[in-house]
Amino acid sequence: MIGLIRRKWNNASVRLKMLISFIIPVVLILAVNIYMYISINNMIARVDEIYVVNVTLNDLSEDLTFLQNSMKEYLESKSTGALNDYYRAEQDYRNGIASLDLKNSGTAVYAMQENIINQSENYLQLTGDTITAKRGRNVEKYKATYEETVEMYSDLQACLYALNNKQFKKNTGDYSILLSSLRSMEMITILILFFIGIVNVFVVFLVTKSMTLPLIDLSQAANEVAGGNFDVSVTTTDGGDEISVVSRAFKQMLGSIQNYIGEIKDSVMRESMLKEHELVMENRMKEVQLRSLQAQINPHFLFNTLNAGEQLAMMEGADKTTEFIENMADFFRYNIKKIDNDASIAEEIALVDKYVYILNVRFTGEIHYSKDIDEEVTEVRVPSMILQPIVENAVNYGIRDIDWEGHIDLKVYRQNSDVLLSIRDNGIGMSQDKIDRILSGEAVGEVSADHAASNGIGLGNVIERLQIFTGQRDVMEIFSEGENKGTEFIIRVPMHV
Amino acid sequence: MQKFEYSDKSFRFMIIGTLIMIAAAAFTGIVFRVITQTMQNVEQEETVTFDKHYAFVTDDSESDLWKEVFDAADEQAKEYNAYLEDLSVGLGRDYSAEELLRIAVNSKMDGIIYSGPAGKRVTELIDKAVDEGIGVVVLQNDVETSKRQCYVGLNYYELGQMYALQIDRLIDPENMGEMTIDVLVDGDMAEGASNLIVMAIEDHIRERLGDNEEEEYDLPEMVVTRIDAEDIFSAEESIRNIFLEKDSLPDIMLCVNGVYTRCACQAVVDYNLVGQIQIIGYFANDTILDAVDKQVISSTVSVDTNEMGRSSIQALYEYNSMGYTNSYLPVATEIVDQKKAHQMIEAKNDRTGEE
Numbered sequence: 001m002i003g004l005i006r007r008k009w010n011n012a013s014v015r016l017k018m019l020i021s022f023i024i025p026v027v028l029i030l031a032v033n034i035y036m037y038i039s040i041n042n043m044i045a046r047v048d049e050i051y052v053v054n055v056t057l058n059d060l061s062e063d064l065t066f067l068q069n070s071m072k073e074y075l076e077s078k079s080t081g082a083l084n085d086y087y088r089a090e091q092d093y094r095n096g097i098a099s100l101d102l103k104n105s106g107t108a109v110y111a112m113q114e115n116i117i118n119q120s121e122n123y124l125q126l127t128g129d130t131i132t133a134k135r136g137r138n139v140e141k142y143k144a145t146y147e148e149t150v151e152m153y154s155d156l157q158a159c160l161y162a163l164n165n166k167q168f169k170k171n172t173g174d175y176s177i178l179l180s181s182l183r184s185m186e187m188i189t190i191l192i193l194f195f196i197g198i199v200n201v202f203v204v205f206l207v208t209k210s211m212t213l214p215l216i217d218l219s220q221a222a223n224e225v226a227g228g229n230f231d232v233s234v235t236t237t238d239g240g241d242e243i244s245v246v247s248r249a250f251k252q253m254l255g256s257i258q259n260y261i262g263e264i265k266d267s268v269m270r271e272s273m274l275k276e277h278e279l280v281m282e283n284r285m286k287e288v289q290l291r292s293l294q295a296q297i298n299p300h301f302l303f304n305t306l307n308a309g310e311q312l313a314m315m316e317g318a319d320k321t322t323e324f325i326e327n328m329a330d331f332f333r334y335n336i337k338k339i340d341n342d343a344s345i346a347e348e349i350a351l352v353d354k355y356v357y358i359l360n361v362r363f364t365g366e367i368h369y370s371k372d373i374d375e376e377v378t379e380v381r382v383p384s385m386i387l388q389p390i391v392e393n394a395v396n397y398g399i400r401d402i403d404w405e406g407h408i409d410l411k412v413y414r415q416n417s418d419v420l421l422s423i424r425d426n427g428i429g430m431s432q433d434k435i436d437r438i439l440s441g442e443a444v445g446e447v448s449a450d451h452a453a454s455n456g457i458g459l460g461n462v463i464e465r466l467q468i469f470t471g472q473r474d475v476m477e478i479f480s481e482g483e484n485k486g487t488e489f490i491i492r493v494p495m496h497v
Numbered sequence: 498m499q500k501f502e503y504s505d506k507s508f509r510f511m512i513i514g515t516l517i518m519i520a521a522a523a524f525t526g527i528v529f530r531v532i533t534q535t536m537q538n539v540e541q542e543e544t545v546t547f548d549k550h551y552a553f554v555t556d557d558s559e560s561d562l563w564k565e566v567f568d569a570a571d572e573q574a575k576e577y578n579a580y581l582e583d584l585s586v587g588l589g590r591d592y593s594a595e596e597l598l599r600i601a602v603n604s605k606m607d608g609i610i611y612s613g614p615a616g617k618r619v620t621e622l623i624d625k626a627v628d629e630g631i632g633v634v635v636l637q638n639d640v641e642t643s644k645r646q647c648y649v650g651l652n653y654y655e656l657g658q659m660y661a662l663q664i665d666r667l668i669d670p671e672n673m674g675e676m677t678i679d680v681l682v683d684g685d686m687a688e689g690a691s692n693l694i695v696m697a698i699e700d701h702i703r704e705r706l707g708d709n710e711e712e713e714y715d716l717p718e719m720v721v722t723r724i725d726a727e728d729i730f731s732a733e734e735s736i737r738n739i740f741l742e743k744d745s746l747p748d749i750m751l752c753v754n755g756v757y758t759r760c761a762c763q764a765v766v767d768y769n770l771v772g773q774i775q776i777i778g779y780f781a782n783d784t785i786l787d788a789v790d791k792q793v794i795s796s797t798v799s800v801d802t803n804e805m806g807r808s809s810i811q812a813l814y815e816y817n818s819m820g821y822t823n824s825y826l827p828v829a830t831e832i833v834d835q836k837k838a839h840q841m842i843e844a845k846n847d848r849t850g851e852e
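Taken in order, these protein sequences are the chains called A and B. Using my numbering, the letters of the first sequence map in sequence onto residues 1 to 497. Using my numbering, the letters of the second sequence map in sequence onto residues 498 to 852.
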C-alpha cells in the first residue's frame with residue numbers, strides 16, 4: 001500500500017505534490033476547526049439551556065401570583081373577567097407545573113419538584129373550592145379557604161423560590177464549568193492549530209526544499225556545462241515529475257554532448273591524420289614526380305628514338321632488337337603513366353618481366369628469373385611501381401656481384417584475406433640490422449635511390465606508399481638467413497582495400 | 498556528483514508530517530470528546546429513584562443537635578431507599594416548625610419527622626397528616642394530644658432522674674434547703690412535662706434522704722423558668738434576664754436543650770459566676786464538652802442523636818410498610834462529666850488527627 005502511494009507520489013507532478021502538501025494540512029485544520037465549531041456550538045447551546053429551568057420557574061411563580069390575584073379579585077368583585085382570568089391562570093399554572101421535569105437533576109431537586117407539584121394540587125383544589133364557595137355565596141367557607149390559600153400560596157412561592165435558587169446555584173456552577181471547558185477547548189484548539197501550522201510549515205519547507213535542492217544542483221551542473229566543463233555526473237531517479245524528467249533529459253543531453261564532442265574529436269583527429277597522410281603522399285608523389293620529371297626529358301626523347309630504332313630494326317628484320325626496343329619503350333612508358341595511379345598486380349608483374357628482360361639483355365642473361373603466380377589475385381589493386389624497385393634492389397644489392405648463378409623468384413599467392421607478393425633472390429643476403437633499418441625507414445638513402453641504374457624509387461618510398469595505401473603498418477617483411485644466403489621481400493596487401 | 502533523491506525524501510516528509518498532523522487532530526478530537534462527555538456527566542446528575550419521601554421538620558435545623566439527628570436519619574433513610582428532606586433549607590426566610598409542618602403536609606410526604614412546639618395548630622396539622630396517610634414521628638417534645646404515630650425521645654421523668662443524679666454530687670443535704678435549683682424549659686413545654694422533671698428530681702432527693710430518717714432536711718427550692726423561644730434570639734435574652742433581674746441567683750441551673758446550655762454557660766462566664774452557679778447541661782457538642790472539661794459546666798446529659806435519627810426513620814418505614822409502629826421509642830442518654838468530656842475531646846482529636 002505504502003509502496004503504491006510512494007510510486008504514485010514519485011510519479012506525481014511537482015504541482016500536484018505542492019497541492020497535496022498544501023491541501024492535507026488545510027483539510028486537517030479545516031476538520032479541527034469544524035469539529036471545534038460544532039463542539040463549541042453544542043456547548044453554547046447547553047449554556048443557553050442551563051437557565052431554561054430558572055425561566056420556567058420564574059414563569060410559574062408569576063402564573064401563581066396571577067392566579068392568586070385573579071382569585072382574590074373574583075372574591076372581591078365576582079366579575080366574569082376576573083373569573084376568566086382565574087381559569088386562564090389556573091390552566092397556565094397547571095401547564096407550567098406539568099412541564100416541570102427535573103428527574104435528572106438530582107434527588108434534592110426532584111424532591112422539591114415533587115413537593116411543589118403536590119402542594120400545587122392541594123392549592124388548586126383549594127382555590128377551586130374557594131371559587132365554588134364564592135359562586136355558592138358560602139361566605140364562611142370561602143373566607144376560611146381563602147385564608148388557607150394565602151398560606152399555601154406563600155408556601156408555594158417559598159418552595160418555588162427555594163427550587164429556583166437551588167437550580168440557579170447549580171446552574172451557575174455548571175455555567176462556570178461550561179465556561180472553563182469552553183476556554184480549555186479554545187486554548188487546546190489554538191495550540192493544536194498552532195502546532196499543525198508549525199508542522200505544516202516544516203513539511204512544506206522540507207518538501208519544497210527536497211524538490212528545489214536538486215533544481216539548484218541541476219542549475220549548478222548546467223552552469224558547469226555552460227562553462228565548458230562536461231565532466232559532470234548526474235544521478236537521476238525514475239520519478240515521473242517534471243524535475244525527474246528535466247534531470248533525466250539533462251543527463252541524456254550531457255551524454256549526447258559528450259558523445260558528440262568525442263565524435264568531433266575523432267573526426268578531427270581522423271581528418272588531421274588524413275591530411276597528414278595526404279601531405280606525406282603528396283610529398284612522396286612529388287618526390288617521385290620530381291625524379292620522374294628529371295627522367296622525363298630523356299624518356300620522351302628516348303620514346304621517339306626507341307620507336308625509330310624499333311621501326312628500323314623491323315625494317316632490317318632484326319626481331320630480337322625489335323623486341324628489346326619494344327620492351328624498353330613499354331618499361332619507360334609504364335614508368336611515366338602509372339606513377340600517380342594504382343595498378344593491378346598483373347601490370348606490376350608485366351613491368352617486372354620487362355625490367356628483367358632488359359637487364360638480361362644488358363647483362364647477357366645473368367639473371368635467372370622465375371615466377372609462380374596465383375592468377376586469381378592478379379587483379380588486386382596495389383600502388384604502382386612497388387615490385388620493380390624491389391626487383392631492382394634484389395639485382396643491384398643481391399646478385400650483381402656474386403660468383404654463383406643469380407636467381408630471382410617472384411611468387412604471388414593468397415593467404416587468408418591478404419595477397420602476398422614474394423621477391424626472393426639468392427644473393428649476398430642482408431644483416432638483421434639492415435633489415436630493421438630498412439623497415440623502420442632509416443635506410444632510405446642507402447638503398448637504391450642514388451644508384452645510377454635505378455629508376456629513382458627507393459624501398460622507403462615503396463613501404464610508405466604501401467602503408468598509406470593499405471592503412472596498415474606491417475606491409476613488408478624482409479627475411480635473410482645470413483650472408484650469401486639470399487634475401488626475401490614479402491609485400492602484404494589486403495584483397496580489398 | 499549531482500544526486501536526485503528528493504522524491505523519496507519529500508514523500509517521507511509528507512507521510513511523517515501528515516501522520517503528526519493527523520495525530521494532533523485526533524488528539525484534539527479525543528480531548529474535545531472527553532470534555533464534552535465530562536460536561537454531560539456534570540450536567541446530568543443521577544436519575545432519581547427513591548421509594549419514600551420523608552420530611553424533617555424542626556424549629557432549628559441549624560443547631561448541632563438536629564444536624565446530628567438529621568445526618569443519622571438521612572443515613573438510615575438511604576438504607577431504605579428513602580429520601581429525607583430538610584424542608585427549611587433554601588426557603589427565603591426562616592419558617593417556623595409549624596409552617597414547615599404545613600408545607601410537609603400539603604406536599605403529601607410519605608412521612609414527617611417533627612420536632613418543635615406542640616400547639617393546637619400543630620396538633621391539627623399532625624392529625625390532618627395522619628388522616629391523609631402520612632406517618633408522623635415526633636422528636637424530643639411530644640405532641641401527646643395529636644394522632645402522631647410515634648414519639649422518639651426522652652421520658653421527662655427519666656430526664657429529671659438524670660439531672661437528679663448530677664444534683665446529688667452538688668448539694669449538701671445539710672444546707673440544701675437554702676439552695677435554689679432553676680430548671681430552664683421551653684416556653685411552650687407542656688406543664689406536665691416540666692412538672693415531671695421537677696418531680697423526678699424531688700423524688701430522687703427524697704429517696705436518697707429516706708435512708709437517713711433521723712434528720713429532716715428541707716428540699717432545695719425548685720424553680721421552673723420558661724424561656725421565651727418565640728424567635729431566634731429570645732432564648733439568649735431570656736437567660737441573660739435571669740442573671741440581670743433576679744435578686745438571688747440559683748445555685749444550680751438545669752438546661753433542657755443545647756441552646757440554653759450554651760447561653761447559660763456564656764452568661765456565667767460573662768458575669769464571673771463560674772463555680773458559683775452550677776450548670777447541668779443538655780447535649781454534648783464541642784462547645785459544651787469544652788465547657789464541661791473546663792468545669793464551667795458541671796456536667797451534661799448527652800443524648801444519643803444517632804439512635805434518635807435512626808429510630809425515627811425506622812418508625813416511619815415500619816408505619817409505611819406495615820401500617821403501624823411503636824408509639825414510643827426511647828433514646829439512650831449518658832451523663833458526661835469532666836473525665837468523660839476529656840476522654841471524648843481526646844478521642845475526637847485523635848480521629849481528626851488520623852484524618
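Keep in mind the hints are simulated off the structure, nothing from the lab. Virtual Cβ for every residue (Gly too), placed ideally from N, Cα, C. Among the hints, erroneous ones may be present.
Computed list of lysine-lysine pairs in DSS-like fashion (alpha-carbon distance at most 25 Å, straight line) [unchecked claim]:
#1 Lys141(A) to Lys549(B)
#2 Lys549(B) to Lys605(B)
#3 Lys166(A) to Lys791(B)
#4 Lys791(B) to Lys103(A)
#5 Lys564(B) to Lys169(A)
#6 Lys166(A) to Lys605(B)
#7 Lys103(A) to Lys605(B)
#8 Lys103(A) to Lys169(A)
#9 Lys141(A) to Lys605(B)
#10 Lys617(B) to Lys143(A)
#11 Lys506(B) to Lys564(B)
#12 Lys617(B) to Lys575(B)
#13 Lys251(A) to Lys506(B)
#14 Lys644(B) to Lys103(A)
#15 Lys166(A) to Lys644(B)
#16 Lys143(A) to Lys625(B)
#17 Lys166(A) to Lys564(B)
#18 Lys170(A) to Lys575(B)
#19 Lys605(B) to Lys564(B)
#20 Lys170(A) to Lys564(B)
#21 Lys617(B) to Lys209(A)
#22 Lys371(A) to Lys354(A)
#23 Lys791(B) to Lys8(A)
#24 Lys141(A) to Lys625(B)
Pair by pair, the computed Cβ-Cβ distance ranges are [said to hold, decoys possible]:
#25 Ile519(B) to Leu19(A): 44 to 52 Å
#26 Thr533(B) to Ile190(A): 51 to 59 Å
#27 Thr172(A) to Gly689(B): 44 to 52 Å
#28 Gly173(A) to Gly684(B): 40 to 48 Å
#29 Gly689(B) to Thr65(A): 21 to 29 Å
#30 Ile519(B) to Gly173(A): 33 to 41 Å
#31 Ile190(A) to Asn846(B): 48 to 56 Å
#32 Tyr825(B) to Lys143(A): 21 to 29 Å
#33 Gln125(A) to Asp665(B): 56 to 64 Å
#34 Asn165(A) to Tyr654(B): 43 to 51 Å
#35 Gly684(B) to Asn58(A): 38 to 46 Å
Covered, in the sense of this in silico footprint (three residues per stretch, anywhere, with C-beta under 8 Å from a C-beta of chain B), are these stretches of chain A [unchecked claim]:
#36 29-40
#37 467-479
Given the proposed pairing of Lys617(B) with Lys143(A), does the C-alpha separation stay at or below 25 Å? Holds, at roughly 21 Å.
Below or equal to 25 Å on CA atoms is what counts here, so check Lys141(A) against Lys605(B). holds (23 Å)
Quick check on a hinted range of 44 to 52 Å for Thr172(A) and Gly689(B), using CB atoms only. holds (51 Å)
Given hint Lys605(B) paired with Lys103(A) - CA-CA distance at most 25 Å: At roughly 18 Å apart (the allowed maximum being 25 Å), Lys605(B) and Lys103(A) satisfy the hint.
Would you mind confirming whether the straight-line C-alpha gap from Lys506(B) to Lys564(B) stays at or under 25 Å? violated (74 Å)
Holds or violated: are the alpha carbons of Lys141(A) and Lys625(B) at most 25 Å from each other? Since the Cα atoms of Lys141(A) and Lys625(B) sit roughly 18 Å apart, the hinted pair holds (cutoff 25 Å).
Quick check: does the Cβ-Cβ distance between Tyr825(B) and Lys143(A) fall within 21 to 29 Å? Violated: the Cβ-Cβ distance is about 40 Å, outside 21 to 29 Å.
Determine whether the Cβ-Cβ distance between Thr533(B) and Ile190(A) falls within the hinted range of 51 to 59 Å. violated (18 Å)
Does Lys605(B) lie within 25 Å of Lys166(A) when you go C-alpha to C-alpha? At roughly 21 Å apart (the allowed maximum being 25 Å), Lys605(B) and Lys166(A) satisfy the hint.
Check whether the Cα positions of Lys564(B) and Lys169(A) lie no farther apart than 25 Å. holds (22 Å)
Whether chain B covers the segment 29-40 of chain A (at least 3 residues having a Cβ closer than 8 Å to its Cβ atoms): holds (count 5)
Given the hinted pair Lys644(B) and Lys103(A), is their Cα-Cα distance within 25 Å? violated (34 Å)
Hints 1, 3, 4, 11, 12, 14, 15, 21, 23, 25, 26, 29, 32 and 37 from the list above are not met by this structure, while the remaining hints are.
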